[in-house]
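Visitor: With the hints as constraints, model all of the structure from the sequences given.
Heads up: the protein sequence lines correspond to chains A and B, in order.
Using the working numbering, the first residue of the first sequence is number 1, and each one after it goes up by one.
Using the working numbering, the first residue of the second sequence is number 1, and each one after it goes up by one.
It should be emphasised that the hints constitute simulated quantities derived from the structure, not laboratory data.
Given the structure is predicted, the values throughout are model-derived calculations rather than measurements.
Zero decoy hints are in this set.
Here are the computed lysine-lysine pairs in the DSS-like style, where the Cα-Cα straight-line distance is at most 25 Å:
1. A:K187 / B:K91
2. B:K149 / A:K355
3. B:K149 / A:K123
4. A:K123 / B:K128
5. A:K124 / A:K355
6. B:K91 / B:K74
7. B:K124 / A:K123
8. B:K149 / A:K358
9. B:K127 / A:K124
10. A:K14 / A:K32
11. A:K286 / B:K149
12. B:K43 / B:K217
13. B:K173 / B:K87
14. A:K123 / B:K127
15. B:K127 / B:K140
16. A:K124 / B:K124
17. B:K91 / B:K128
18. A:K124 / B:K128
19. B:K127 / B:K173
20. A:K187 / B:K87
So the chains spell out like this:
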Amino acid sequence: MEAYVQKKSAEELKPPLTSVGVIGWVRSNLFKGWFSSLLTLIIVYCLWVIVPPLIRWAFIDSLWLSTGAECQQSDGACWSIIPANIRFIAFGFYPYDEQWRPFAAMALLVALLFYSRNRNHWKKSLAYAWILGLFLMGLLMKGGLFGLIPVETTQWGGLPLTLTLSIFGLTAAYPLGIAFALGRRSKMPTIKMLCIVYIELIRGVPLISLLFMSSVVFPLFLPEGVTINKIIRAQVAIILFTAAYIAEVVRGGLQAISRGQYEAADSIGLSYYLTMRLIILPQALKIVIPPSVQQLISAFKDTSLVVIIALFDVLRTTQTVLSDPKWMGFSAEAYIFVALIYFLCCFFMANYSRKLEKELSTEEH
Amino acid sequence: MNEETAKSTDMQAMAESMIEIIDMHKWFGDFHVLRGIDLTIHKKERIVICGPSGSGKSTLIRCINRLEEHQRGKIIVDGIELTNDLKNIEKIRTEVGMVFQHFNLFPHLTIIDNLALGPIWVRKIPKKEAEEIAMHNLEKVQIAEQAQKYPGQLSGGQQQRVAIARSLCMSPKIMLFDEPTSALDPEMIKEVLDAIIELAQEGMTMIVVSHEMGFAKSVAHRVLFMDFGQIVEGNTPEEFFENPQHERTKLFLSQILH
Ligand SMILES: Nc1ncnc2c1ncn2[C@@H]1O[C@H](COP(=O)(O)OP(=O)(O)O)[C@@H](O)[C@H]1O
Ligand SMILES: [Mg+2]
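Guide: Written out as structure tokens, the structure reads:
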């Protein structure tokens, strides 16, 4: 064998020109080989056929502030249906003159949510702010104090209802789900059995049937004269349903934590509760941020199922507008608008989860 | 002070026993892992345990702080018998520190938080004081400058030194080491052994499962050889290495010393 000793160390070189810059990008991403080129051409053709007419319908020929009758004459989109009915879509049958109240409540909610986005604000004072905020929102919606006219919950509807059901649903379901996940891994057989039975039972039925049960079957078990508010019953059904799914997601995270973590916690004398709170859950929950948010997003969208027990969430108020003869036939526009509302909320959730994941990452970058 | 005189002065302090294990048995299902262990460890005594893989070394030391439960016999640590009484178990765990083969640091906490956690939550020491304790122990293992990093950013040797410091923050009376250097790259073994040797010089009672024979010779008062869940032979390091009595000890030593 010939001996080898390096005489001169290699210099650092720039990559060849054809692989960088705009041309390089187009070549390697759009026209790499005949199959890729063909796909690119087909897609460009489809966009050419679809996009211009769509833009024409939505923006050029469209009407934004007209009456229903004017809309019937035009070919374009009739966005006018939204501004003309926005207050009913947003607030349902809430008394017209009092609608500033749900509006204020929602503004407060959005402000609190935005403030809570920043993890540096997660202090005790924020918890008090939320408690106070929720109390104020409840007061605004329900009235009866400080000269506010009382408004029956049967008149609540639209966005406030959707947001109430989902935000309470999600915030209550998450801790409950964690408790069920821990219970399912408990060493105590009774607790373990109960949790398994609960999770599997709930996962085995659709949300619709739970909602029906809460509104039809459940009242049969109440003593004569006792009634529980319909919104609360739907709320409980949503919480119980979501919690079962969250429990399974969290359990997946718990399984990913190695035995060594439990042993290290045990060996410094931490109790079960502290081990979970300080060591295991922070790690497990971080791992399951993506699937948890997936669950929360789908639970948020599922709140629209409450229409079947005659609650007027934002989807139902929109449908009601569509049954008005003046605006008949513009369902596409109305549904696009509602879809946009749902999309925005879900988008914020997904976006926030990605941000959170990044902030909590402790790996080397 | 040379090693020999250091050892003999320690010997005189060892009248009292720190750990007493009497005819202790343990099973994993049907598998008889520990088959009658009798062992007394005195205050300030340092024991090195060696033996083939699967012989029950880890299980033995894990029984001492009740990470594993024994099923027959007695274990008495610092005068407290290990039973199912949760209060006793938690008390013993604060007095017995343990260092694991794979470090088991908490990856979501900074180094200083890893160390201060026990003092704050178990010993109920105020945060500021706990952090002082943590920094003191980090300095002891010469790693204070890494206090604000996360475990994933440190080398294996550094992580193991942090793990040692974490145990020390609870001011334990006994330290257990389960193969503290066998997951490390060769160039990092020395820094970890040095940290353990420094502890030894302070008179810590310790049990070390290790196959580092040079280390055993320089710090151990006694070397034990385990095989098939029993203690086959135990002697001073000089006698143990120069003049092993049992056939299986001889075989084992010839395998690891080539
Ligand atoms: N949790 C457990 N369940 C069942 N068997 C185990 C468990 N832990 C260890 N063992 C078995 O017990 C024996 C002794 O293990 P261990 O004490 O880890 O040996 P060593 O540390 O000497 O290599 C091994 O055969 C191992 O497979
Ligand atoms: Mg072992």
